[in-house]
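**Student:** Please model the complete structure; the sequences and the hints are all you need to start from.
From first to last, the protein sequence lines stand for chains A and B.
One point on numbering: in our numbering, the residue at position 109 of the first sequence is 109, and numbering is uninterrupted.
One point on numbering: in our numbering, the residue at position 256 of the second sequence is 256, and numbering is uninterrupted.
These are computed hints drawn from the structure, not numbers from a lab.
Remember, it's a predicted structure, so these values are computed and weren't measured experimentally.
Not one of these hints is a red herring.
Partner residues aside, some chain A positions facing chain B, computed with beta carbon under 10 angstroms:
#	residue
1	W53
2	P66
3	M125
With the Cβ distance kept under 8 angstroms, some of the chain B side facing chain A (calculated, not the full set):
#	residue
4	K87
5	L91
6	V149
7	E154
8	P181
9	V201
10	A202
Over 10 angstroms on every C-beta distance to chain B, these chain A residues come out as not near it, computed from the model:
#	residue
11	L32
12	I80
13	E103
14	V107
15	D165
16	E176
17	V270
18	H284
19	K285
Glycine included, each C-beta is placed from N, C-alpha and C at the ideal position.
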Amino acid sequence: MRKIKEFIIEKLILICGLASIFFVILIFLFLLKEGLALFKTINPAKFLFGKNWYPISEPGQFGILPLILGSLLVTFGAAIISIPIGVGCAVYIAEVAPLKVKEILKVGIELLAAIPSVVLGFIGMVTLVPWVKNIFHLPTGLTALSGSIMLAFMAMPTIVSIAEDALYSVPKTYKEGALALGATHWQTIYRVMLPAASSGILAAVMLGIGRVIGETMAVMMITGNAALIPHSILQPVRTLTATIAAEMGEAVVGSEHYFALFAVGIVLFVLSFMINVTADLFLHKDKR
Amino acid sequence: MLKKVFLILTILLMCFNSAFATAQKNSLQIKGSDTMVNLGQAWAEKYMENNPTEFIAVTGGGSGTGFSSLISGTCDIAMSSRNIKDKEIALAKGKGINPFEIKVALDGLAVVVNPKNPVSKLTVDQLAQIFTGKINNWKEVGGLDAKIVILSREVNSGTHVYFKEHVLRKGDPNSQEEFAPSALLLSSSQAIADEVANNPVAIGYYGMGYISPKQKPISVAKDENTEYEASTIENVVNGKYPISRPLLLYTNGQPQGLIKKFVDFCLSPEGQDIVLKTDFVPINK
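**Tutor:** Okay, here's the thing in structure tokens:
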């Protein structure tokens with residue numbers, strides 16, 4: 001009897017484990033099937049490097065270079081803002097803060113993670129956008145910079161909590177050894193703790209970036225969505241995610257536009273897959 | 001093993017689905033044009049007040065969204081601020097759906113700028129040049145020396161399509177004019193209204209219903225030789241205002257039963273009165 005129960009539970013868990021892989025494969029196959037259909041009529045090079053995105057014209061123009069650059073620019077901006085603050089925050093929580101402050105900060109970070117992205121987008125639209133416009137004397141505040149700042153808020157919780165874990169799992173003996181050799185607190189953090197936790201911190205950064213590149217709602221609301229190749233971070237951009245979200249309602253099922261949106265999905269999938277694999281590589285390096 | 005579990009799950013899901021579908025016989029799903037959401041909502045509220053046992057749900061998403069829902073059978077009536085495309089008709093026919101068009105109101109498209117902007121009248125030709133990016137400074141149309149920020153709706157919007165076809169391309173089906181790539185594509189008419197209210201160099205367009213004192217509607221002339229006309233209800237009715245369009249409902253085949261009852265209500269004097277109250281233009285006077 002016990003053996004049977006054991007067997008059943010074991011298999012159930014196995015199914016749960018396999019299910020996630022199974023779904024990923026199904027989703028990927030569907031993406032490929034729908035997305036690759038586009039390339040029967042559109043040249044892949046024209047799709048990836050075309051500069052014009054006019055999907056509903058006759059004939060439609062499906063160049064996603066401005067969209068890729070838009071996504072990368074917003075993500076890059078968000079990384080520049082969130083990495084130093086996030087890692088700094090993690091160091092403070094893990095190494096410097098007294099116990100009480102630490103608890104408060106951790107709750108704060110969790111709260112930040114709990115804010116829905118549409119709410120962040122809305123707040124950004126009414127506060128950040130006019131602010132960016134006035135500070136930089138721009139014709140409009142709906143820019144890549146506004147998107148980057150808002151997305152930095154979204155990446156921070158991921159970066160802080162994973163980087164803090166990484167710092168926390170550095171063996172205590174390292175720190176004690178460093179302090180015993182006469183290093184100051186800062187020297188210990190800078191020379192011993194950070195290098196020892198570096199792979200975990202890199203993984204944290206990559207996962208934070210992965211979160212940013214897939215984010216949709218907030219960027220759609222505050223980056224202006226102009227499909228133009230950006231020359232500076234103070235210009236409006238259109239991201240891959242916002243394009244799919246904004247246009248999926250209009251795309252006639254089975255049309256070129258519909259396939260093109262799935263092809264955009266493939267590009268997005270490949271980008272975030274690469275980022276996650278990089279993060280994974282760093283995490284595993286840590287384990288060895 | 002895995003397959004079986006899936007099969008059972010799918011069957012369960014299907015059971016639930018059909019259970020829900022049969023439970024809601026006295027309800028209507030209406031979907032489509034964001035321009036018409038307020039109007040649809042107002043109709044639905046009044047209608048449900050008159051018929052308390054029936055339920056009508058109205059959602060937006062854009063005219064294209066309405067058509068794809070009608071085609072996939074997830075709504076009973078599609079609201080649209082543009083005519084159905086041949087492609088969509090073909091697709092619907094393929095799924096056994098016959099889109100039936102009913103004109104229920106008219107809408108004037110207002111072109112708006114910030115009240116601080118000295119420009120207050122433009123020709124359709126100037127509008128086309130502004131929105132395609134050929135004119136990019138306000139001083140070229142008699143305004144201040146400042147870059148023009150173009151605001152447009154997203155491509156899933158019937159307003160976007162209508163404006164492109166009738167202003168940018170001036171109704172010429174062979175024209176290849178497009179919105180300038182630098183045009184900001186905003187996801188709702190309200191977002192355009194907010195941006196115009198805050199941005200002295202922006203220009204945008206939307207249905208007349210969204211005009212408020214925070215924006216200044218532009219008077220438009222067909223060409224240089226005709227009068228500039230303000231976007232008022234009278235000017236839309238008498239056809240003087242050049243940018244107006246029909247608002248449409250689409251059903252699957254001739255409306256019947258509950259759908260017919262609702263459509264008739266929309267076209268009744270009471271329904272057309274609501275049209276006027278929501279700042280659109282009635283067709284049955």
